[in-house]
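Asks: From the two separate chains plus the hints, produce the assembled complex.
Respectively, the protein sequence lines represent chains H and U. Just so we're aligned: the first sequence equals residues 1 to 118 in this note's numbering. Just so we're aligned: the second sequence equals residues 1 to 132 in this note's numbering.
Hints listed in this document are in silico derivations from the structure and should not be mistaken for laboratory results. Be aware that one or more of the hints could be misleading.
Unchecked claim - If you anchor each label on the Cβ, the simulated ranges turn out as follows: (1) D65(U) <-> R93(H): 30 to 40 Å; (2) R93(H) <-> R74(U): 42 to 52 Å; (3) K18(H) <-> K71(U): 27 to 37 Å; (4) K126(U) <-> I82(H): 36 to 46 Å; (5) R41(U) <-> S25(H): 24 to 34 Å; (6) Q6(H) <-> D63(U): 32 to 42 Å; (7) I82(H) <-> Y109(U): 15 to 25 Å; (8) Q106(H) <-> P16(U): 21 to 31 Å; (9) V95(H) <-> L5(U): 51 to 61 Å; (10) K122(U) <-> R40(H): 49 to 59 Å; (11) D63(U) <-> R21(H): 26 to 36 Å; (12) E78(H) <-> E94(U): 11 to 21 Å.
Unchecked claim - Below, a sample of chain H positions facing chain U; criterion: calculated Cβ distance under 8 Å: (13) I8; (14) L15; (15) H55; (16) G59; (17) T60.
Said to hold, decoys possible - Sample of chain U residues at the chain H side, in silico, Cβ under 8 Å: (18) D15; (19) D17; (20) E20; (21) L24; (22) V29; (23) A89; (24) K110.
Glycine is no exception: its CB is placed at the ideal position from the N, C-alpha and C atoms.
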Amino acid sequence: MKDSNQAITKKLRALMTKFARKLPSRLKQMEDHLNILINRSWDKGVAKQLYADLHKLSGTGTSFGFKKLSEKSRQMEEYMTILLKNDHNLQSRQVKELCGYFKELQRSVDHFQTSWVK
Amino acid sequence: MAGTLLHKILYVEDDPDIQEIARLALIDVGGFDVRICSFGREALQIAPVFSPDLIILDVMMPDMDGISTFKALRDLEATKHTSIIFLTAKVQPEEVKQYYAMGALEVIYKPFDPLTLADFIKQIWKKASDER
Numbered sequence: 001m002k003d004s005n006q007a008i009t010k011k012l013r014a015l016m017t018k019f020a021r022k023l024p025s026r027l028k029q030m031e032d033h034l035n036i037l038i039n040r041s042w043d044k045g046v047a048k049q050l051y052a053d054l055h056k057l058s059g060t061g062t063s064f065g066f067k068k069l070s071e072k073s074r075q076m077e078e079y080m081t082i083l084l085k086n087d088h089n090l091q092s093r094q095v096k097e098l099c100g101y102f103k104e105l106q107r108s109v110d111h112f113q114t115s116w117v118k
Numbered sequence: 001m002a003g004t005l006l007h008k009i010l011y012v013e014d015d016p017d018i019q020e021i022a023r024l025a026l027i028d029v030g031g032f033d034v035r036i037c038s039f040g041r042e043a044l045q046i047a048p049v050f051s052p053d054l055i056i057l058d059v060m061m062p063d064m065d066g067i068s069t070f071k072a073l074r075d076l077e078a079t080k081h082t083s084i085i086f087l088t089a090k091v092q093p094e095e096v097k098q099y100y101a102m103g104a105l106e107v108i109y110k111p112f113d114p115l116t117l118a119d120f121i122k123q124i125w126k127k128a129s130d131e132r
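Next up, chain U with everything else stripped away, as it sits in the complex (with noise of 0.2 Å):
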């Protein structure tokens, strides 16, 4: 949650491609430690054991899409109170709205420049943990 150090990434993500730029973007330009899932059930098995500090979803997902793995997420108890950031390539507001409402910390548009991604990642959790 926001207001501590951001130090651990959950990034889940099914395309193997984005995966790999966010490696470089995450790990080699942000430092983080960070472990990436392809797929919303995954996740749901990964996070409880690495405990992220923050988790980034993608939102067009095979078999579990993004808003589904939130809700489950939102349903254990290790990840009840767990950031979530939205990763997105629809940009239609009422989806946006949507992503807001359900609680997401924030919704971050694709495609992503992987040297500045980190950058922002810590600016949203800066401000976050300023406004807790």
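Just chain H, same shape as in the assembly (with noise of 0.2 Å):
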């Protein structure tokens, strides 16, 4: 090993707060990319860029062992895939649905942000 441990846990360490302070960024982006979906008609290029930024989110999470938040984030991705899948304006029923997801998401970043940054 190149650096010592203590260095090593020191710099994920720094990596995880770094995460952790972006959060409310991204989930904003994912915020607005929802609300285009839900209010406007679907568009299929914004699905997707909603569904990247799910998956990027879950993956980067639990690499960093943040496991609820992961576990929030990928099932709002794997409902998204359905979605992509159907590829047509949203059904109430489907709104309905999403939109539960993001705030489970949101409970699990808010929950997150008070418990890691200070």
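Replies: Set out below in structure tokens:
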């Protein structure tokens, strides 16, 4: 190992903090995309971007060991996969479900922020 | 190609967060000489100059995905025989079979543990070298 365990742990913690601090802006971007899908007509490009953002969040979150956050992100990502396959305007039931997933994710981010970022 | 000493790794990944974790995992923990590219096309420019022993390719990338990048790297004289590992969050068995059929040295699943990734890669490299 090139660096000492202590130095590596310190670097990893710094990366985790950086990740945590960026979370609100990432979530805001997702919310903007979500609002476009809900309030305007179905846009596959926007849906794909939202899917990609969720995919990245869940993947990075798991690598950092943030299980709950990743789980919520993964759930919404999986739902987006279904919507992308359907590829048409959202029905009211789908809007409700999608918003439900996003609220869960928001709650998880809020909880995470209070416990991690000081 | 496996069989030589593993020192230089080219890592192709578009997500800046994963790039940072990979730097920690491969440079700080693993002690490798690492170059990171954000896009497949960038990798095609860098690979012949950097001459990596191993290339790690993310599968899901915008513009040019991992599979297209793999094929393009195989078309370059400099990387025709370079060992390539796919790193993917997609776990569909059919897709994984396809990566091996293309000639991937290994398929590693995301998310990876930054503290153990380097050792895992060293094991893969040793196994491939022993089999040669």
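Asks: If a hint holds in the structure, say so; if it does not, say that too.
Replies: Quick rundown of the hints versus the structure:
no. : hint                           : verdict
1   : D65(U) <-> R93(H): 30 to 40 Å  : holds, 33 Å
2   : R93(H) <-> R74(U): 42 to 52 Å  : holds, 47 Å
3   : K18(H) <-> K71(U): 27 to 37 Å  : holds, 35 Å
4   : K126(U) <-> I82(H): 36 to 46 Å : holds, 42 Å
5   : R41(U) <-> S25(H): 24 to 34 Å  : holds, 27 Å
6   : Q6(H) <-> D63(U): 32 to 42 Å   : holds, 40 Å
7   : I82(H) <-> Y109(U): 15 to 25 Å : holds, 22 Å
8   : Q106(H) <-> P16(U): 21 to 31 Å : holds, 23 Å
9   : V95(H) <-> L5(U): 51 to 61 Å   : holds, 56 Å
10  : K122(U) <-> R40(H): 49 to 59 Å : holds, 50 Å
11  : D63(U) <-> R21(H): 26 to 36 Å  : holds, 28 Å
12  : E78(H) <-> E94(U): 11 to 21 Å  : holds, 18 Å
13  : I8                             : holds, 5 Å
14  : L15                            : holds, 5 Å
15  : H55                            : holds, 7 Å
16  : G59                            : holds, 5 Å
17  : T60                            : holds, 4 Å
18  : D15                            : holds, 5 Å
19  : D17                            : holds, 4 Å
20  : E20                            : holds, 5 Å
21  : L24                            : holds, 6 Å
22  : V29                            : holds, 6 Å
23  : A89                            : holds, 5 Å
24  : K110                           : holds, 5 Å
Of the numbered hints stated above, none is contradicted by the structure.
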